[in-house]
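With chain V fixed as given, assemble chain L onto it according to the hints.
From first to last, the protein sequence lines stand for chains V and L.
One point on numbering: in UniProt numbering, the residue at position 80 of the first sequence is 80, and numbering is uninterrupted.
One point on numbering: in UniProt numbering, the residue at position 115 of the second sequence is 115, and numbering is uninterrupted.
Warning: the hint list may mix true and false statements.
Where chains are identical, the list cannot tell them apart; a pair therefore holds if satisfied intra-copy or between any two copies.
[Said to hold, decoys possible] Calculated cross-link-like contacts (lysine-lysine; reagent style BS3-like; alpha-carbon spacing at most 25 Å):
#	residue 1	residue 2
1	K154	K248
2	K105	K248
3	K248	K195
4	K105	K309
5	K154	K195
Hints were generated in silico from the structure; no laboratory data involved.
There are 2 protein chains.
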Amino acid sequence: MENVTIRMLAERLQLSTATISKALNNSHEISEETRQRVLALAAELNYVPNPYASSLRKKASNTIAVVIPEVADSFFAEAINGIEAVAQEKGYHVLIYLSHENSQKEQTILKDFQSGRVDGVLISVTTETTATGLEQLVRDKPVVFFDRVCEEVKAAKITTDDATAAYRATTHLIAGGCRRIGLLSASRQLSISNKRAEGFQQALLDHQLPLLPNAITYCYNESAANYQLLKTAFLENDYDGIIATTEKLSTAVYEVCEALQWRIPEDLQVIGFSNLSTARFLNPSLTTITQPAFEMGKAAATLLFRALKSNNFPLQQQQEVIPSSLIARNSTLAKDK
Amino acid sequence: MENVTIRMLAERLQLSTATISKALNNSHEISEETRQRVLALAAELNYVPNPYASSLRKKASNTIAVVIPEVADSFFAEAINGIEAVAQEKGYHVLIYLSHENSQKEQTILKDFQSGRVDGVLISVTTETTATGLEQLVRDKPVVFFDRVCEEVKAAKITTDDATAAYRATTHLIAGGCRRIGLLSASRQLSISNKRAEGFQQALLDHQLPLLPNAITYCYNESAANYQLLKTAFLENDYDGIIATTEKLSTAVYEVCEALQWRIPEDLQVIGFSNLSTARFLNPSLTTITQPAFEMGKAAATLLFRALKSNNFPLQQQQEVIPSSLIARNSTLAKDK
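Chain V on its own, in the form it takes in the complex (with noise of 0.2 Å):
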């Protein structure tokens, strides 16, 4: 079916375009009855504003977007839901933007925003990210990273206390009795994975034990990849703690475990960075740092509404740091217990 446009409801009233768009956005220059006349044609023909001539004219999508590196895994499907609640609220469309790890489709996403589609960004980066584009992106609209920033940008950015959490999961591997613990990191890029690095080694130095050698390996995005490498290092450093700084490479730890036929937590204590709503089912249970998804996605959400709303939200220099929380479950079971 054709589309209905002005001009077909304008011949069909015998009234010029201009008085059909004053009565359909209500301008006090048109008759009441006029302006009834118009609505309900338009009503009745299922008339719908282009958004393309009527988003050149006013400069404004009422479409904010996200752009993430992937939608499996539950981090990333709680932030949405988060901030789909905000902008549910504000009467705003959310479009999702994969990026599948690849700063070059990154790139063009962002690229594509310059023009105009989209009012506001927000992003978490690839694993691969560099500044170069983003500053780009910041300069020309309001955007909020959220999760993987990027710390050489200066922008709006919400995080949790990744830091702090990985602290908190080396020492309870180190309670439990574990003394040769591995750190899983994702990315040597992301600020987010050397942060987790950070409070890892700060954890052992406080503890006085020895960071191994190949204490953190650095993983591929790729499952199958992963799945040789792992296999690999745990053979070889021979682990008794591993902490697994993603979603996927928990589920990795539990697949080599099986092949090598290493029982978690007598031969290996196991916590993930995971919001996986089966974590409590897992054989054995997972103990995870839970990071707050769904906060993080609202205040993200939030914070870009603020900047959409009035130009004199000094949106760059908003910073918030929500924290996590470890869930201590069997795959932590304590050597003597």
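Same frame as chain V, now just chain L:
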């Protein structure tokens, strides 16, 4: 920073905007020397074409929409990956819209599409959706339904073998000694839910087993409400086997069994429709009907792009059914073993 426009390029180069536009579009009316000057300045100033303006001219957005009820389900996460694999190849943007199982929100999203924001739509409907509004959408745009289709609407559809999968799940439980089998359904509306119920009932009939008065429990979208509903249903019906037809309901069964101190599989055998990567690490590992999520997303996107490429492609007549598979694990270990 201000967006760079054709007008700005024209002023800087002392050329008309029409000349700039033609040069950017490689028109043969423009001399090679002028074209090079324009392209050089456009690159220097980081000029990006405005998609609204260019959409108005070309009537194409190079964007497809994916409308799904939620992302916190591995079926949809994997389906999106299948869709993106095809879209990326074609150089299209994928915008993901969430209906949050709310048919009114879905309607608002669909209404927005009439305006030309996207070239085509892939949709998996909410548990409440009826044909209203969808017929209009299918007339306006290339649309492919996947997984959760709307039977009444004549349109392209990619589904899995829902009735057969439920039949197979029921037969598997019967073979394992179950006699009081229940099915947890997500919707009275959805055709895929109804097909699963049909397959379930047919299998009972074929094995001369009675259909319990409350064999089918229609669940809510809210976890908290389901928890109470399932607890009551389990106690009243004393099931010895249960089929959870969504991933969330599978997790809910584990929760309720824990609360009731029912052992899986000794007291209750469980099969879940689920693509959870952790299914095999659950306690006990979960027998699943695993849907071909990635393939379904890929097939749906492939159909859509065929329609976008050629006006003659009879999109609405396309139907494809991709089979699911049953993966037996410990949650259905037979009674006598």
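Hints and how they fare:
In this homomeric assembly, K154 and K248 never come within 25 Å of each other (Cα to Cα): the closest approach is 30 Å inside a single copy and 40 Å across copies. Taking the closest pair of Cα atoms, K105 and K248 come within 25 Å of each other only inside a single copy of the chain (21 Å); across copies the shortest separation is 31 Å, beyond that limit. In this assembly of identical chains, the alpha carbons of K248 and K195 lie at most 25 Å apart only when taken from the same copy (19 Å versus 33 Å across copies). When the C-alpha separation of K105 and K309 is checked against a cutoff of 25 Å, the pair qualifies only between copies, where the shortest distance is 23 Å, while the shortest distance within a copy is 30 Å.
Proximity of K154 and K195 under a CA criterion of 25 Å is satisfied intra-copy only: 18 Å inside one chain copy versus 53 Å between copies.
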